[in-house]
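So the protein lines, in turn, are chains A and B. Using my numbering, read the first sequence as starting at 30 and increasing by one per residue. Using my numbering, read the second sequence as starting at 175 and increasing by one per residue.
Among these hints, one or two may not hold up.
As the list claims (entries may be wrong) - With a Cα cut of at most 20 Å, we get these calculated EDC-like pairs of lysine to aspartate or glutamate: (1) LYS217/B x ASP67/A; (2) LYS217/B x GLU63/A; (3) LYS264/B x GLU224/B; (4) LYS34/A x GLU94/A; (5) LYS264/B x GLU53/A.
These are calculated hints, taken from the structure and not from any lab test.
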Amino acid sequence: MPDWKQAIRERLQGVNLAGARESEIVDELAQHLEDRYDALRSAGASESDARRQALEELNESQLTEELRKLRRPVSPEPIGVPTRGSYVSGFVGDVKLALRNVRSKPAFSLMVIGMLALGVAGNTAIFSIFNGLFLRPLPFPESERLIDLDETAPKWNLHYTGVSNPDLFIWREHNSTFDGMAFFANGSLNLSDTGTAQRVDGAQVTYNLLNVLGLKPALGRAFRPEEDRPKAPHVVMLGYGLWQRMFRGDRNVLGRVLKLDGEPYTVIGVLPPEAVFPDRADIWVPLAADRDPAQSTGWYLNGVGRLKHGVSRQEASADLLRVHKAMIQSGWKDNEITSPILTPLRDRYLGDFRGISHILLGGVAVVLLIACVNIAALMLVRGGARSREIAIRTAMGASRGRVVRQLLTENLVLAVAGGLLGVLLGKLCLVGMISLMPADNLPHWISFTMDARFAPSA
Amino acid sequence: MGYIVVRHMATQPLDRELKKGSAELLILSLVESRARHGYEIGKLIEDRSEGTLSFRVASLYPLLYRLEARGWIQGRWVEKAGQRRRRFYKLTREGRTVLAAQRRGWQQFAEAIRRITGIEYA
């Protein structure tokens with residue numbers, strides 16, 4: 030009897046099977062060859078012929094190739110596409126097949142893509158607005174430390190009264206929780222230069238506003254404390270937009286004398302593009318507030334403060350209230366009526382939009398959910414209709430995992446098409462919605478463009 | 175890689191995937207009623223197809239091992255009195271489900287081919 034095991038072991042060299050596993054396979058194949066040898070002998074073959082024919086079955090490289098593959102975990106093999114090659118080529122094949130299937134059922138595909146696109150479009154548009162209003166940081170360094178400063182007078186039934194001149198000075202000098210406090214008043218002025226005059230929006234600001242906002246001048250310098258006093262020499266900082274429009278970015282604008290409301294003002298600097306606060310102010314001039322109580326002109330100022338690191342708004346509120354009450358004891362009777370009120374800068378200017386934004390966001394989320402449920406129902410109906418196709422694929426050798434992968438790829442193709450169309454529609458919707466917004470109610474520094482935050486929402 | 179040698183065919187061998195799929199179906203069908211060893215499975219395929227289909231060692235056993243790794247069949251060494259020690263393969267519960275699905279698929283596939291080509295099967 031031939032030594033089958035030895036012959037088999039020789040052929041299995043290089044396959045590197047585990048010892049016990051190799052021994053099992055050798056036993057089993059030896060058994061087979063022995064059966065084959067016996068059959069050939071029974072059919073009349075000579076010993077040597079029977080041995081040669083039996084061993085010939087082992088001489089195919091297929092055996093070692095297949096056994097090598099068996100050392101790896103069994104993986105589902107693709108159908109309808111090459112079984113060998115990289116995952117990338119497999120995926121490309123899947124996508125091609127998916128596109129063919131999507132095209133073969135145009136009504137179904139268009140319905141799914143359309144529903145998905147509508148859901149995504151609504152979310153895109155509303156989320157872009159919500160993102161611009163409440164998620165995107167303000168265009169100032171460490172903007173979370175910026176706090177709106179104001180006074181409130183419940184006795185007068187006024188939530189915000191504005192800040193008075195005396196409070197400006199005392200708060201600024203006696204607080205212990207702010208790195209800086211700045212105040213401003215909006216207004217408009219007649220600006221004339223070499224004969225031409227125009228009405229521009231401007232702001233009277235305390236000398237340190239740019240510093241409190243964390244910004245540097247684009248050109249020249251910021252105001253100095255001595256320029257922020259009554260009867261100080263008149264100086265002006267030009268807004269970046271005005272500088273570009275009126276002076277075409279001329280760097281020699283510094284030192285030039287402009288007339289504001291007929292008074293000469295010397296240009297000492299240009300604001301950076303980020304200086305979008307106070308809103309719509311094309312030029313800044315010093316506030317030059319008078320600390321003499323007799324010259325006080327009531328509560329007319331807006332304020333902004335930069336909290337010290339690690340200080341909360343509540344702590345700052347308590348600190349300013351302490352300063353405010355101390356003023357009452359010093360004889361500032363008006364302060365019995367008002368008290369400081371501190372609000373996060375964003376909430377002060379956009380807080381009114383928060384409620385409606387949340388409602389709209391919830392609304393479009395529900396629309397997307399309904400779209401998804403409808404799509405799921407359509408998919409189920411289509412899945413039932415495709416059972417025959419799936420059965421044939423399985424019969425042709427496709428594993429369950431392989432069929433699932435193909436179906437997932439088809440859904441991915443539909444989702445990508447619906448998503449892209451939805452984003453395009455959403456951008457169009459966004460343009461339309463922005464054009465309908467009341468421009469005066471929104472600060473200029475809010476923009477509704479898409480950014481990285483959009484991806485998770487879509 | 176072919177799992178089956180198809181003899182006496184006037185046309186080119188069937189598509190690789192088709193052959194692979196049918197090889198699995200044949201083996202699963204043969205171990206459905208009772209457990210069989212590898213040589214018996216190969217012999218039955220050759221005999222029942224009257225020589226049209228035949229397995230070689232190099233293709234039969236790797237396929238058996240693959241089906242076993244998938245959990246569709248289960249192999250077990252059996253030693254009976256007066257007989258050689260052999261490894262018998264039986265259909266598992268999962269294999270039975272796969273076999274049913276493959277049978278349905280092949281029926282539908284064959285029917286679809288018949289409708290198109292007009293070939294009648296016995």
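A quick look at each hint next to the structure:
no.	hint	in the structure
1	LYS217/B x ASP67/A	holds, 13 Å
2	LYS217/B x GLU63/A	holds, 14 Å
3	LYS264/B x GLU224/B	violated, 24 Å
4	LYS34/A x GLU94/A	holds, 19 Å
5	LYS264/B x GLU53/A	holds, 17 Å
Hint violations for this structure: number 3 only, all remaining hints satisfied.
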